[in-house]
Amino acid sequence: MQRIYIHPLPVRVWHWTNAVTCVMLVLTGVQIRYVGLINVVPFRIAVAVHNWLGVVLIANFFVWFFYYLFTDRIRVYLPELNPVTFFQGIMRQSIYYGYGIFKGAPNPFHVSIYRKFNPLQAITYQVVMLLLLPIQGFTGILLWNLTRFAGVVAALGGVRVIDTVHVLIFIVFAFYIPFHAYLGTLGHTVTDHYKAMFTGYEELEEGESSDGAE
Amino acid sequence: MRRRPFVMGAIGAAVAAIVLGVAGMTAPASAAAPSAADQQCLACHGMAGLEMPLAGGGTLPLHIQGDAFAQSVHSAIGCTGCHADINPTSHPAAVKPIASKSEFSIAMVQVCRNCHTGQFEQWDKSVHAALAREGNAAAPLCTTCHSPHAVMKGVAEAMDTIPCKTCHADIFTAYAASVHGVMRSSGVTAAPLCFGCHGAHDVSVPSAGAGRRDVCLGCHTEAPASHRTWLPNAELHFDVVSCPVCHTPQAQRVVDLVLYNSATQKETARPVGIPEFESLTGSSASARPGLDPTTLMTLLKTLNSQGVEGKTSIRGRLEVRTGVEDHELVAASKAISNCNTCHQEGAAAFQSVVVSVAGPSGMPIRYGASKDVLSSAISVQSIGGFYAIGGTRITFLDVLFVLALLGGIGGPIAHLTARWFFKRYLNHTPQEQRKG
Chain D
1 MQRIYIHPLP
11 VRVWHWTNAV
21 TCVMLVLTGV
31 QIRYVGLINV
41 VPFRIAVAVH
51 NWLGVVLIAN
61 FFVWFFYYLF
71 TDRIRVYLPE
81 LNPVTFFQGI
91 MRQSIYYGYG
101 IFKGAPNPFH
111 VSIYRKFNPL
121 QAITYQVVML
131 LLLPIQGFTG
141 ILLWNLTRFA
151 GVVAALGGVR
161 VIDTVHVLIF
171 IVFAFYIPFH
181 AYLGTLGHTV
191 TDHYKAMFTG
201 YEELEEGESS
211 DGAE
Chain Z
215 MRRRPFVMGA
225 IGAAVAAIVL
235 GVAGMTAPAS
245 AAAPSAADQQ
255 CLACHGMAGL
265 EMPLAGGGTL
275 PLHIQGDAFA
285 QSVHSAIGCT
295 GCHADINPTS
305 HPAAVKPIAS
315 KSEFSIAMVQ
325 VCRNCHTGQF
335 EQWDKSVHAA
345 LAREGNAAAP
355 LCTTCHSPHA
365 VMKGVAEAMD
375 TIPCKTCHAD
385 IFTAYAASVH
395 GVMRSSGVTA
405 APLCFGCHGA
415 HDVSVPSAGA
425 GRRDVCLGCH
435 TEAPASHRTW
445 LPNAELHFDV
455 VSCPVCHTPQ
465 AQRVVDLVLY
475 NSATQKETAR
485 PVGIPEFESL
495 TGSSASARPG
505 LDPTTLMTLL
515 KTLNSQGVEG
525 KTSIRGRLEV
535 RTGVEDHELV
545 AASKAISNCN
555 TCHQEGAAAF
565 QSVVVSVAGP
575 SGMPIRYGAS
585 KDVLSSAISV
595 QSIGGFYAIG
605 GTRITFLDVL
615 FVLALLGGIG
625 GPIAHLTARW
635 FFKRYLNHTP
645 QEQRKG
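Here the protein sequences line up with chains D and Z, keeping their order.
The first sequence begins at 1 in this note's numbering and counts up one residue at a time.
The second sequence begins at 215 in this note's numbering and counts up one residue at a time.
Think of the hints as simulated: they come from the structure by calculation, not from any bench.
All residues carry an ideal CB built from backbone N, CA and C; glycine is no exception.
Take the hints with a grain of salt, since some may be wrong.
[Stated by the list, open to error] Computed list of lysine-lysine pairs in BS3-like fashion (alpha-carbon distance at most 30 Å, straight line): (1) LYS116/D - LYS637/Z; (2) LYS585/Z - LYS103/D; (3) LYS195/D - LYS637/Z.
[Said to hold, decoys possible] Derived DEER-like restraints, expressed as beta-carbon distance ranges: (4) TYR194/D - VAL613/Z: 51 to 61 Å; (5) VAL522/Z - ARG12/D: 53 to 63 Å; (6) PRO8/D - LEU617/Z: 33 to 43 Å; (7) THR191/D - LEU617/Z: 27 to 37 Å.
[Said to hold, decoys possible] From chain D, some residues computed to sit far from chain Z (all C-beta separations above 10 Å): (8) TYR5; (9) ARG12; (10) LEU27; (11) GLY36; (12) GLN93; (13) LEU130; (14) THR147; (15) LEU168; (16) ILE171; (17) PHE175; (18) GLU203.
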């Protein structure tokens, strides 16, 4: 069976750090927001842990950002600029997940070193990494010390507006994380994508070929 | 007691003056004895029950206790030191008519000012003076707090004689039982008495803006640093949570949504001609539900309509409900330090909401508001400046969160189930597809 090295070490370290941090942030966020209803960790500790996890997430974001910025791997995040190709790809992948997969149809997307995300993944990760995560980090920093950033907070409409944006993105992540974990099981076997995220190598099905395959 | 008419009293006093004058010449002079000139006045004014009719009805007591006056700090300047308008040769016949006690007291304020210029200027800027200018008959003037004919050093600085408690009896009772009052009673002079926080003459409205916080931090300078060691966003708590909210654990709390004008940098004065305000009473205790989220949003839009100078926004603060509760402070060790007290749904702190504007004297006027304004999505912009995690969370976002969880977990489960179903009953697998 052929395999292809698509997840370099920095990406794997970033990914698992990001995954653990995001899950912990959602859990501590739930504890902070629903104290009284959920009492696993004292409020004050949940806030302190949430703040430190936020620091880790932001630092880790820059690991991702600078890694891709200064390597040719950035090509995996380059958007498809042809709208026809873009929507065709989205539709093809959506039809596969929504219909073809049940009939046993093959995955229309084939991974390669510089094209490791299917069209749905690509658009999702672009939104998550370039829009949602930066906004979440920014609003998190404001909420961390509202007095220090009082001018910015006031200019953006006040603490309630900032918090509402922060919570809305938290809700998106609460939806996205379990879905992401599930979609990770839709490889050739249930554990293929997970193994690849540890070893760096994605295994290819017989007959499937790709640039850079070993 | 039957009161003596003014003219009869004056005649009687003249006779008494002669008798007393002779007695004065023969008796040894006492250190606390009034001067000869003052004794001449006291000949009449020393008689109990002496009074004069007022033009507006009622009477003005004219009786002065000679001994008390002699011992007072004012005895040094004598009667004419303040009553320079009295001509002893034509008095009392030439006394000008006085309309009312308050008119007389207001006139005498100007006399006090001659010597106590600094105190007068402080008083003139105080909430007491503002109330007096409003025509509030209960507003204290100089003589309300300082009995002018018995002014003694330290009287206004002792717990049992401080004049504030005459009008603010219930607040003083709460203070006396508080950590401050108990310490002061036991001789700790560093513990504040009324003037320690409110000023002696420049009495301000401590509940306005950051006044209360600044007053507390004036003595408790270490408080910001000590709170930072355990309280997340400590500075923010100082800004939006009044100190007594945590330091009077038994008090009822209220969210005070203050209308604030960016042009004047002050609390907005009571809006005139806005139906939302016209229909409300000025009492937070009103049984009415008060301003709802939609009305509050409309109100702000109206206040910020075109042509109005400055932007009106809402600054929220968590306060205790009454001035009495403000003074029931406990020792720091007994203060609330459990975050859950406020940061959870249904917290008592967020069950009562008022919208307040500045009254003419600076005292806030409070209007009742529905507690729904704190949890409504409509209020995101209206009360953008006030939010307590957990305690005032927006209900709509909770619904979205539940739906997201159901979708995020339920979606994969449904997809997985469908895959299993197709594989199990329709025998559709990728391998078979390829074989076919």
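Are there hints from earlier that the structure breaks, and if so, what are their numbers? 2, 4, 11, 14, 15, 16 and 17
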